[in-house]
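2 protein chains.
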Amino acid sequence: MAYELYYWPSTPGRGEFVRLALEESGADYLDIARRGGGMPRMMKLMNGPRVATPPFAPPFLRSGKLLIAQTANILLYLGQELSLAPATDAGQLWTHQLQLTMADFVGEAHDTHHPIANSLYYEEQKREAKRYAEQFRKNRVPKYLGYFEKVLSRNPKSDRYLVGARLTYADLSLFEIVAGMRYAFPKLMKRQEKKYPLVTALADRVADRPRITAYLGSKRRLPYDQVGIFRHYAELDG
Amino acid sequence: MAYELYYWPSTPGRGEFVRLALEESGADYLDIARRGGGMPRMMKLMNGPRVATPPFAPPFLRSGKLLIAQTANILLYLGQELSLAPATDAGQLWTHQLQLTMADFVGEAHDTHHPIANSLYYEEQKREAKRYAEQFRKNRVPKYLGYFEKVLSRNPKSDRYLVGARLTYADLSLFEIVAGMRYAFPKLMKRQEKKYPLVTALADRVADRPRITAYLGSKRRLPYDQVGIFRHYAELDG
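One line per chain: the protein sequences are W and L, in this order.
Read in order, the letters of the first sequence correspond to residues 9 to 246 in the working numbering.
Read in order, the letters of the second sequence correspond to residues 9 to 246 in the working numbering.
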């Protein structure tokens with residue numbers, strides 16, 4: 009039975025971290041909200057009165073009887089299903105820990121353009137966004153990228169993967185962060201990437217994996233835009 | 009062997025979610041950074057050159073050879089160790105999903121007083137904090153509390169627990185959120201609590217559990233303050 013992915017149909021957003029895991033594995037999946045009648049189905053699972061385990065927000069995944077929300081939680085599950093994480097408890101916890109730290113990074117990248125409220129337009133919080141983005145560029149991006157560089161450099165098995173000697177969903181997610189950051193903050197990333205060669209090389213290697221390359225060239229890959237998490241506003245790029 | 013909890017010694021913060029799980033279970037644990045020589049030990053695990061799986065930030069837990077960071081990840085682990093989550097995969101994922109949604113709520117509660125940057129004082133971002141807190145009170149708190157009320161009301165086993173018919177770490181965490189919100193936003197919570205009777209009753213029942221009551225009355229429970237996540241600034245309480 010195909011996995012069913014539920015996410016907003018017009019933007020890569022957090023759904024993209026799940027898509028990359030499914031695509032790399034060649035898994036059979038349906039991107040429900042991008043299909044005819046998909047949006048009402050998604051809203052019914054969120055707001056319908058009979059769902060015993062309702063998601064707070066997309067993305068969520070249906071796998072048989074399971075309904076799983078929260079990006080990192082979906083990947084915790086898919087990591088075992090698709091062999092994209094170690095089978096040991098210790099390996100699973102470490103991979104998940106890295107994913108949760110990436111979730112924090114992604115949240116801050118989002119807040120660069122929405123520091124006050126998601127319910128307001130960017131134009132209504134531009135002044136605050138400028139201030140937020142300044143400290144994000146100066147302090148937070150180096151802190152996060154430096155952290156993942158350190159993790160790669162200390163991996164006793166290989167500095168080509170975050171965990172062990174094989175690809176995990178954490179590597180795919182780090183690729184997505186680098187790709188999104190390159191779109192949103194091209195000037196910043198041009199300067200920063202040189203300082204984090206292991207992170208940059210990992211992201212480039214992920215993009216070169218056959219299934220990922222095919223996916224990135226397909227219509228299934230949504231372009232970055234000005235409604236999602238990673239947005240390019242020149243005034244926020246310093 | 010005792011669990012070792014590592015967290016900033018002077019504030020409940022995110023460490024408190026872990027402490028509550030350990031306390032409810034009567035687990036043997038050491039709160040390392042609050043002991044003599046504990047802070048250097050904590051910093052060494054974060055920044056020392058030989059740690060293969062370095063945490064990005066506290067809290068983290070040492071359990072035998074395991075070093076586990078990210079609050080929700082620690083609880084995912086302790087849920088099984090301390091029987092504070094279902095043993096089934098489906099039950100574990102659902103409990104963890106709720107915890108991750110609470111982590112989002114906690115992050116936003118923090119951002120009410122630090123919407124621009126953690127590296128700046130509250131006084132340097134008071135204007136932005138006021139704007140952030142306004143939408144937090146109006147939109148986000150009802151959305152989150154309403155969500156957990158819905159989860160309780162739909163639990164087919166019992167509306168006294170978030171998951172199944174037994175206490176889980178998610179219930180302990182929801183107690184901590186209600187307690188922290190009561191401290192930080194007393195006026196708001198006085199109005200809001202009436203609308204979410206199941207959430208309120210759950211929090212009050214957790215406080216009445218014998219080990220939690222004993223813990224809350226002990227010196228091990230740190231008071232809320234003006235340096236942690238939940239802070240009381242009257243001007244942010246509307």
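By construction, these hints were calculated from the structure, which means they are not laboratory data.
Possibly wrong hints are sitting among the right ones.
Chain copies aren't distinguished; within one or between two, either way the pair holds.
As the list claims (entries may be wrong) - Cut-off 30 Å, straight-line C-alpha distance, at most; resulting in silico cross-link-like pairs (DSSO-like, lysine-lysine):
#1 Lys73 / Lys202
#2 Lys73 / Lys195
#3 Lys52 / Lys165
#4 Lys203 / Lys151
#5 Lys158 / Lys134
#6 Lys151 / Lys195
#7 Lys198 / Lys134
#8 Lys138 / Lys151
#9 Lys151 / Lys165
#10 Lys134 / Lys165
Remember, it's a predicted structure, so these values are computed and weren't measured experimentally.
Hint check:
1. For the identical chains of this complex, Lys73 and Lys202 are neighbours neither inside a copy (46 Å) nor across copies (35 Å), given an alpha-carbon limit of 30 Å.
2. Proximity of Lys73 to Lys195 under the C-alpha cut-off of 30 Å is found in neither arrangement, the shortest distances being 46 Å within a copy and 42 Å between copies.
3. For a Cα distance limit of 30 Å, the shortest separation of Lys52 from Lys165 across copies, 22 Å, qualifies, whereas the shortest one inside one copy, 45 Å, does not.
4. Taking the shortest Cα distances, Lys203 and Lys151 sit within 30 Å of each other inside one copy (12 Å), while across copies they are farther apart (41 Å).
5. For the identical chains of this complex, Lys158 and Lys134 are neighbours neither inside a copy (34 Å) nor across copies (35 Å), given an alpha-carbon limit of 30 Å.
6. In the homo-oligomer, the alpha carbons of Lys151 and Lys195 lie at most 30 Å apart inside one protomer (17 Å), although the nearest pairing across protomers, at 37 Å, exceeds that limit.
7. For a Cα distance limit of 30 Å, the shortest separation of Lys198 from Lys134 inside one copy, 24 Å, qualifies, whereas the shortest one across copies, 33 Å, does not.
8. When the C-alpha separation of Lys138 and Lys151 is checked against a cutoff of 30 Å, the pair qualifies both within a copy, at 19 Å, and between copies, at 28 Å.
9. In this homomeric assembly, Lys151 and Lys165 come within 30 Å of each other (Cα to Cα) only inside a single copy, at 24 Å, whereas the closest approach across copies is 44 Å.
10. Within a single copy, Lys134 and Lys165 get their C-alpha atoms no closer than 45 Å, and across copies no closer than 47 Å, so neither meets the 30 Å cut-off.
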